[in-house]
Structures are given as C-alpha cells and as structure tokens.
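Student: Listed here are the chains, written in short residue letters.
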Amino acid sequence: MTAVLILIAVATLCTAAVAMALRNLIHSALLLIASWTGIAAFYLWAGAEFVAFAQVLIYVGAISMVVLFAVLLTRQSRADVAIAPGSLGRVVLALIAGGAVLGVLVGAVLSTKFANSSATTPTVTVKQIGQSLGGAHAAALLVIGVLLTVALLGAVVLATTDRAEKEDA
Amino acid sequence: MNLAPLQLCLLFSSALFCIGLIGALSRSNTILVLLGIELMLNAANLNFIAFWRYGANSEPATGVMFVIFAIAVAAAEAAVGLALVITIYRHQKNIRLQDATRLKG
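Sequences listed follow chains A and B, in order. End of the first sequence sits at 169 in the numbering used here; the numbers just go up one at a time, nothing left out. End of the second sequence sits at 105 in the numbering used here; the numbers just go up one at a time, nothing left out.
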C-alpha cells in the first residue's frame, strides 16, 4: 500500500522536476501531462475515483491541449521550440527560495502530531457526489458555472484579433 | 523513522509544490511559469484528498467536493492565462516575461 504511494510519488515528482528543467517546451508540456497522470493515479490510490477521472478529463485531456496549442501558436519559427537559457542568478535564487519553502514545509509536516487516522476508508459514490452537488453545494455549482462562462468569454475576447484596428494601422 | 501514510502524502504534495514554485520563479518563459502555477494548484489538491482520506471528517464528501471545485477554477485560470500568453505574443512577438514591461510606469 505504502510502496505504491511511494512509487506514484517518485514518478510524479521526477516527471515534474524534469519538465521544469528542460529547454524544449514541447517536451516540458508532454512530461507535465505525465505528471498530471501520476496525480490522477494518486487520487485513484486514495480512493477518490471521481476526482481521478475529473483530473484525467480536465488536465490530461483539456488543459494539455490548450497548453500544446499555446506552445505551437507562440513559437517564432518552425524549428524554434527550444528557449534561450535564463540567467543563472535567477535560477539560483529560485532554488534557494524553493528549498527554503520545502524545508519549512517538511519540518512542519514531520514535527506535527496528527490525530490517529480513521482506519476505515471514506467511500463516496457518484450518487452521493451528485446529491451533494444538487443539494448542499448547489449555490457553489451555479457560481462555478458563471465563473467558467465569464472565463470562456474573457479568453475569447483576449485572444481575438481586432481586424478594424489592423486595417487602420 | 516510520511515517504515517498521511505524512507521506503531505511530503509528496510539499515536494510537488516546491517544484512548481522553483519552476515558476526560475523560468522566463510565460507558458512554463503558468505550468508551474498549475503544479502548485495540483499540490494543494493533493492535500485536500490526503486529509479527506486520513483525517477525521464529519461529512464523507467534503474533500472530494472541494477538489472538484478547485479543478474547475484551475481550468478557468489556465484558459484565461494561455489567452493572455497569446495576446502578449501578438504584441511583442515573444513570450519572455522580462520583455513584458509595457504597463511599467
């Protein structure tokens, strides 16, 4: 049980770290998709099947496509997917900041006494989730619907070309 | 040292958060910065599921609902962020973060 968790964690962390270190944007995006798949595997391991499938649908399915489209739309030439190396100082500072945050978090996790966990796995069926979405969380569901609509409209407005402006110029 | 599964999950999500943080801080490519932020959001979701699985909970579906809504908000954020990346590219013909100084006073 724990071995599977460690396996999933190592795979996810390795793909994420390599994705953040690579120069080639396409390779980074593909490795991040693998990392998101690993996170979905963690959700499956923890017994949250619905969340795992939502993760696969939204991250591995939708966001990955949007990212790949953005990479392909913003490259300057056919061969240009590699990015120029960043400044070394920034990388060192980022590593120091990230390492400090990691140290604080790991210290906090290791030094906290957690209450003894429940032995039984909480089970949530899709029916329960549906009833919860329609009952107790109905208002949040409506707000999320409005948010997604506004985000969709905003993304379209941002990304459209203004033809009249182009003709003037 | 014998770690409880909850602690292992939390260590996993802390490491993922820090990888995202380092990526977002160190890269100058806008798309990679956005992906680093996505990784940090995912690490937060891992925590929700870990506490839902191992913590003392009163209602069985709370953690799952929280993650579902967080994923929906993250999807909206990614869509708007990548639209912004495309807009920046159209204006300055590259997506380096340091060159996006148009609004600087």
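Derived by calculation from the structure, the hints in this document are not laboratory data. Among these hints, one or two may not hold up.
Said to hold, decoys possible - Quick partial rundown of chain A residues pointing at chain B, CB under 8 Å, derived from the structure:
(1) 16
(2) 67
(3) 98
Claimed, not checked - Now the stretches of chain A that chain B is said to cover, found in silico as 3 or more residues with beta-carbon under 8 Å:
(4) 56-65
(5) 89-96
Heads up, the beta-carbon is just placed ideally off N, CA and C, and yes, glycines get one too.
Student: Interface hint check: residue 67(A), Cβ to nearest Cβ on chain B, cutoff 8 Å. Holds or violated?
Tutor: holds (7 Å)
Student: Are there three or more residues in the segment 89-96 of chain A whose C-beta lies closer than 8 Å to some C-beta of chain B?
Tutor: It holds: at least three residues are needed, and the segment 89-96 of chain A offers 5 whose Cβ sits within less than 8 Å of chain B.
Student: Given a cut of 8 Å on the nearest C-beta pair, is the interface hint for residue 98(A) held or broken against chain B?
Tutor: Cβ of residue 98(A) sits 4 Å from chain B, so the hint holds.
Student: Residue count check for the segment 56-65 of chain A against chain B: does it reach three with CB-CB under 8 Å?
Tutor: holds (count 4)
Student: Should the interface hint for residue 16(A) be scored as holding, given a Cβ-Cβ cut-off of 8 Å against chain B?
Tutor: holds (5 Å)
In the structure shown, no violation is registered for any of the earlier numbered hints.
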